[in-house]
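**Q** Now for the letters of each chain:
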Amino acid sequence: MSTPIDREHALNQLRQMLLIRRFEEKSAELYSATKIRGFLHLYVGEEAVAVGVMATLAPEDAVVATYREHGQALARGMSANSIMAEMYGKQEGCSRGRGGSMHIYDAKTRFYGGNAIVAGGIPLAVGLALSDKMQGRNRVTCCFFGDGAVAEGDFHESMNLASLWKLPVLFLCENNLYAMGTAICYAQAVPEIAAKGVGYGVPAMVVDGMDVVAVEEAARIATDHLRQGNGPYLLECRTYRFRPHSMFDTELYRTKEEVEQWKKRDPIDLLAQRLDDAGLFNDQDMAALERSVAEEVEAAVAFAEAGTWEPVEDLTRFVYSERRGA
Amino acid sequence: MSEQAAMKETTYREAVKEAIREAMIKDERVFLMGEDVGHYGGCYAVSKGLLAEFGPERIRDTPLSESAFVGAGIGAALGGMRPIVEVMTINFSLLALDQIMNNAATILHMSGGQFNVPLVIRMATGAGKQLAAQHAHSLEGLYAHIPGIRVLSPATLEDARGMLWTALQDPDPVLIFENNTLYNMEGTLPENAGPVDIDSARVRRQGSDLTIISYSASLFKCLDAAEALARDGIEAEVIDLRTLRPLDDATYLASISRTHRALIVDEGWRSGSISAEISARIMEQAFYDLDLPVERICSAEVPMPYARHMEEAALPRVDTIIATAKRMVRHG
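Protein chains in written order, with our numbering: chain A, 1 to 326; chain B, 327 to 658.
Since the hints were made in silico from the structure, they are not lab data. All values derive from a computational prediction rather than experimental measurement. Any given hint could be a false lead.
[Unchecked claim] 25 angstroms max Cα-Cα, derived SDA-like pairs, lysine to any residue:
| # | chain 1 | residue 1 | chain 2 | residue 2 |
| --- | --- | --- | --- | --- |
| 1 | A | K108 | B | Q495 |
| 2 | A | K133 | B | T507 |
| 3 | B | K352 | A | K196 |
| 4 | A | K196 | B | L421 |
Please model the complete structure; the sequences and the hints are all you need to start from.
**A** Here it is as structure tokens:
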């Protein structure tokens with residue numbers, strides 16, 4: 001990569017990826033300790049995608065994510081405290097404990113879930129972009145989904161609709177090669193996801209999802225395209241999850257060798273190495289980052305532990321709005 | 327309503343269109359989208375002429391992608407618009423059931439109250455036009471099962487004209503079911519007809535001998551039956567539920583406390599239906615007011631057949647309502 005490295009920016013991205021990594025590792029530990037229940041889907045290995053893409057979004061843009069969304073939420077700027085408390089089911093959590101790991105929402109950062117029906121969030125992104133266009137706001141809606149979602153009708157209907165109406169939707173596919181335990185070769189007649197754009201007139205690109213610099217560059221091209229009013233863009237990030245699909249997955253569908261191969265391209269190591277090669281980084285820097293991230297994760301756990309349970313009397317709140325009359 | 331208000335001849339279809347026009351004029355956040363709402367003028371001609379008046383941005387033809395355009399309606403509502411999404415017919419809405427149930431109805435709750443979805447979805451429902459088993463069911467009761475949405479069933483011209491605006495003021499998703507046999511119904515409305523409440527049932531005919539509870543097109547079968555019954559000296563009170571979720575229990579319970587007999591007429595299937603729900607509520611809340619068990623007249627539990635005589639046999643009928651009411655009054 002010939003682009004000169006902005007040390008501060010790179011360190012910031014390294015820290016974000018490290019925060020996601022350590023946050024996820026801690027979450028797995030807390031799951032085993034039964035502090036976190038339900039389903040837990042970890043983002044370990046895929047950090048470069050969320051961190052690279054978020055760098056290209058403005059605060060007024062919107063994000064729609066999947067059930068594997070802690071990484072996106074952290075990279076979007078949500079506090080580790082509110083996410084951890086949500087996973088504990090505490091009312092200090094971002095969704096008051098109503099959503100859990102799969103339903104992280106945050107009005108402040110325009111983070112619209114946490115969508116646990118595969119591809120179910122994609123039409124929402126189309127609508128959010130439609131509302132921006134109709135109200136004359138130059139904003140982008142970034143919609144994360146996995147390779148599994150590409151088999152759903154919602155993906156195809158939404159690509160068509162967004163292209164037909166020239167809506168600023170970034171279709172951001174995190175292709176980690178497996179829909180739960182089904183390899184993409186067993187699910188897609190044409191496994192090149194970016195190729196799906198052609199039929200809908202949506203420009204598309206494939207990028208190395210383990211390389212945060214490459215992801216950011218590609219996302220910049222995509223979001224520039226959107227901001228110029230040219231309609232949607234499909235960005236396929238080839239990535240890999242290092243851990244099982246969820247905490248119940250025995251990983252019968254892939255080999256340890258394959259996982260180890262991908263771990264050699266760990267996005268955190270890749271960026272650290274790049275900084276090191278440029279003489280902009282040393283072991284002390286890394287240690288300082290680790291310390292600062294560890295503190296943030298520990299603080300999040302302490303916050304969640306200290307959190308309180310929503311009174312059971314509140315059970316039926318938020319089924320309907322408490323104030324009627326728009 | 328002022329007594330001086332001039333009356334005008336209209337139809338159910340025109341009343342719905344006027345409601346949409348009024349909303350589009352009063353609130354620039356409102357837009358209509360769905361299959362064939364624009365250039366075709368609406369499958370049931372409800373939106374005919376609106377494209378010319380409001381343009382393609384606000385009268386938005388969609389591809390045949392129910393899930394995506396209902397989902398886009400949810401997203402647009404989250405983004406500050408006030409969409410009216412038209413689904414051509416109720417059986418097609420099942421293609422968007424995921425969006426309605428898993429997103430529209432849940433986002434407020436899943437987000438801990440952060441994001442509400444001010445969306446209105448309209449669709450045609452019901453049998454009576456020989457459209458067979460993929461176009462003609464009454465699944466309102468299925469939607470009424472879902473917490474987080476409101477389910478409206480306008481039967482009268484006044485409600486067809488007035489429920490939409492109130493629904494658009496609601497911060498949460500509202501589904502409006504328009505029975506396809508009502509679109510041609512003629513009648514009069516005041517020139518200045520406007521919004522009506524979407525929370526309460528109405529007594530459409532007073533009577534002291536039994537309470538007939540119904541909604542949508544079946545309401546008129548009940549009113550016809552009540553007129554025939556009156557000729558035989560039986561006075562039926564007829565309740566129009568209007569809103570199927572949340573149900574207004576008080577109105578029909580108050581009626582039953584006077585009549586002591588309850589008959590429910592529902593174009594939906596019998597098992598697990600809105601009529602079953604109402605029957606259970608009567609049992610729970612008015613058991614000792616009853617002189618005899620609640621009875622129900624529902625659609626036969628078959629996919630809707632095409633042949634006219636078979637379709638008629640599958641639906642609640644006026645003669646059955648009359649016979650059942652007479653039996654209930656004479657034997658209870």
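**Q** Compare the distance between the alpha carbons of K108 (chain A) and Q495 (chain B) with 25 angstroms, and conclude whether the hinted pair is satisfied.
**A** holds (24 angstroms)
**Q** Hinted pair, alpha-carbon criterion (25 angstroms max): K352 (chain B), K196 (chain A). Please report holds or violated.
**A** violated (41 angstroms)
**Q** Against the 25 angstroms threshold, does the CA-CA distance of K196 (chain A) and L421 (chain B) hold or violate the hint?
**A** holds (22 angstroms)
**Q** K133 (chain A) and T507 (chain B): Cα distance at most 25 angstroms?
**A** violated (37 angstroms)
In summary, the structure is inconsistent with hints 2 and 3 from the numbered list given earlier, while agreeing with the others.
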